[in-house]
Amino acid sequence: MSEHANVAAMLLARNRERHPEKAAYFCDDDTLTYQALAADAARFANLLRAHGVQPGDRVVLVLPDSLAYPKAFLGALLLGAAPAPVSADLSREDYAFILADCGAKALATWEGSPAAEAAKDVDGLDAVLLCGPHGPWGLSGHSSELQLPAMLPPTGAPGLMLYSSGSTGRPKGVMHRQEDLLIPAGGWGGVLGVSADDIIFSASKFSFAYGLISSFSLPLFFGAPAVLFPGKPGPYELFAAIARHRPTLFFCVPTLYNMLLRAYEPGAAGMDISSLRLCFSAGEALPEVLCREWTRTTGVEILDGIGSTEALNVFIANRPGEARCGTSGVLVPGYEARLVDSAGADVADGAPGDLLVRGAGVSSGYWNRPKKTQETILPEGWLVTGDIYARENGVYIHRGRSDDMLKVGAHWVSPVQVEEALRRHPAVLDCAVAALAVEGLVRPCAHVVLAPGFEAGQKLGADILRFARGQLPPHMCPVRVQFLAELPKTPTGKVQRFRLRQM
Amino acid sequence: MTMSIDNLRGLLEEAGVRPELAKSLDPAAPMLRQGIDSIDFPTFCALLEERFGVSLDDATALSLRTLNDFARFLKENA
Chain A
22 MSEHANVAAM
32 LLARNRERHP
42 EKAAYFCDDD
52 TLTYQALAAD
62 AARFANLLRA
72 HGVQPGDRVV
82 LVLPDSLAYP
92 KAFLGALLLG
102 AAPAPVSADL
112 SREDYAFILA
122 DCGAKALATW
132 EGSPAAEAAK
142 DVDGLDAVLL
152 CGPHGPWGLS
162 GHSSELQLPA
172 MLPPTGAPGL
182 MLYSSGSTGR
192 PKGVMHRQED
202 LLIPAGGWGG
212 VLGVSADDII
222 FSASKFSFAY
232 GLISSFSLPL
242 FFGAPAVLFP
252 GKPGPYELFA
262 AIARHRPTLF
272 FCVPTLYNML
282 LRAYEPGAAG
292 MDISSLRLCF
302 SAGEALPEVL
312 CREWTRTTGV
322 EILDGIGSTE
332 ALNVFIANRP
342 GEARCGTSGV
352 LVPGYEARLV
362 DSAGADVADG
372 APGDLLVRGA
382 GVSSGYWNRP
392 KKTQETILPE
402 GWLVTGDIYA
412 RENGVYIHRG
422 RSDDMLKVGA
432 HWVSPVQVEE
442 ALRRHPAVLD
452 CAVAALAVEG
462 LVRPCAHVVL
472 APGFEAGQKL
482 GADILRFARG
492 QLPPHMCPVR
502 VQFLAELPKT
512 PTGKVQRFRL
522 RQM
Chain B
16 MTMSIDNLRG
26 LLEEAGVRPE
36 LAKSLDPAAP
46 MLRQGIDSID
56 FPTFCALLEE
66 RFGVSLDDAT
76 ALSLRTLNDF
86 ARFLKENA
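Protein sequences appear in the order of chains A and B.
Residues 22 to 524, numbered by the numbering used here, are exactly what the first sequence covers, in order.
Residues 16 to 93, numbered by the numbering used here, are exactly what the second sequence covers, in order.
To be clear, the hints were calculated from the coordinates, so they are not data collected in a lab.
Far from chain B, by Cβ distances over 12 Å, these chain A residues were calculated:
1. 76
2. 145
3. 146
4. 154
5. 359
6. 361
7. 373
8. 519
With a straight-line Cα cutoff of 30 Å, these simulated DSS-like cross-link-like pairs (lysine-lysine) come out:
9. A:141 x A:253
10. B:38 x A:253
11. A:393 x A:515
12. A:480 x A:510
13. A:510 x A:392
14. A:480 x B:38
15. B:90 x A:480
16. A:510 x A:393
17. A:253 x A:43
Sample of chain A residues at the chain B side, in silico, Cβ under 7 Å:
18. 284
19. 310
20. 314
21. 459
22. 487
23. 495
From the three backbone atoms N, C-alpha and C, an ideal C-beta is built for every residue, glycine too.
Let's have the full structure, built from the sequences with the hints guiding it.
So this is what it looks like as structure tokens:
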């Protein structure tokens, strides 16, 4: 057993004692108080237990950001089970893979979701809990007091799991301890100066590490209410939610900041952002121009930072009042970093190197992937991020990736998956996908070798773009097709995607 | 370079925007308010950069909202 107390029980008790009637969460027209959150989280734990869920079991959550989410997440934690929040935008095939991969004991999702469909074919998945916006049907029939004291996961079992895209396209489970959820509050939350007077709104969803920390750890640790936004975050919808709920802290990603800035008309109806004291950006590097223009146009400071699912979450960030656009900022307290060359030796200040980070919240490893764990989490706890950085006087500046993975709209994109989809187009003999900078942001670009009988041209390029849109989720769709006579390859025939990057 | 609004509608179609949406856009209203989404916009921008040799990563480009804005930008920069 861990020496730590159950994190959910601690967070709930602290807020219930301090301000039971204060709002913990806002969602659309609904408000959930800390008292009600504690009661429903206990009900959820009792419900899971009634379905046979035990400490250490995985409970997969596939839900929109709604009041049901924190209840389900806390309920699983109270039981010592490992909640595994998974994006609500995946395909049935992806859910089938994840549910089987983690050996899910229970799934919380909405009726008719692709995850619910996938669950029908998964062995050992005993409980599919169909949820509305407030939680699963029948939740109120369970006691609001825990029937057993809050439990801890068995030794060695994960406290929670997050799924992250892998280079082959197969997602991998990133394991964390319950107590890892608290580390960002002390470090990153301190950097941001979060207090109980804040209202927090994250456009990044609960199922992403960045969203989980912003919508769960920071709010519950500091007693600051959070806004949950269940829909697809478009710029006008986000402005409307900000005007309505009046958050003080806004967490979002560069592609959405770009769209928000394009949509922003100061003084226009539904665009009152005067409540915001600070904006934060993570998920991919924030372009310098976007950073400056955001602050100039809105009058609200924006801080860029970098985190990862494995590090849970932000380990380098700008500081309020000291933002340096075009940089990721300085180390967050609690983390250490090294920049190393290919031999593992530290590089000089100003020189690019592979970023390694270390800190108490770093993942204990990937679920059932010992080789991948060994490659990514080095002896002595150093996490290989795959990002290339330069450091100048303690400030970190992003210089790209050391592998072929693309970070598009804060989602990991494996070129392999996009290439597989494009090869299904009859004109595509071979292809490689690499990064292209558009407005300073990374987008996938398809480099295509045509099959015999097809002629390169604007019409065919547009046809391939449209074809990709029918096959792939939005962030994976190429924004440009470039025709090549042949792809750059090594003597052994491996495609050299890095030669195709246009950054 | 002078680009007519109809030329720009053609480029939107080339960028994968549904023809009926491209044809119906009000050139004076924000494109994002009319159904142009988070993939259409960068694809359209990437096409303009490629076709006209312009750079869309500066402060001016970030303020382009309407088809009229883009037509004016290309006239002045391409």
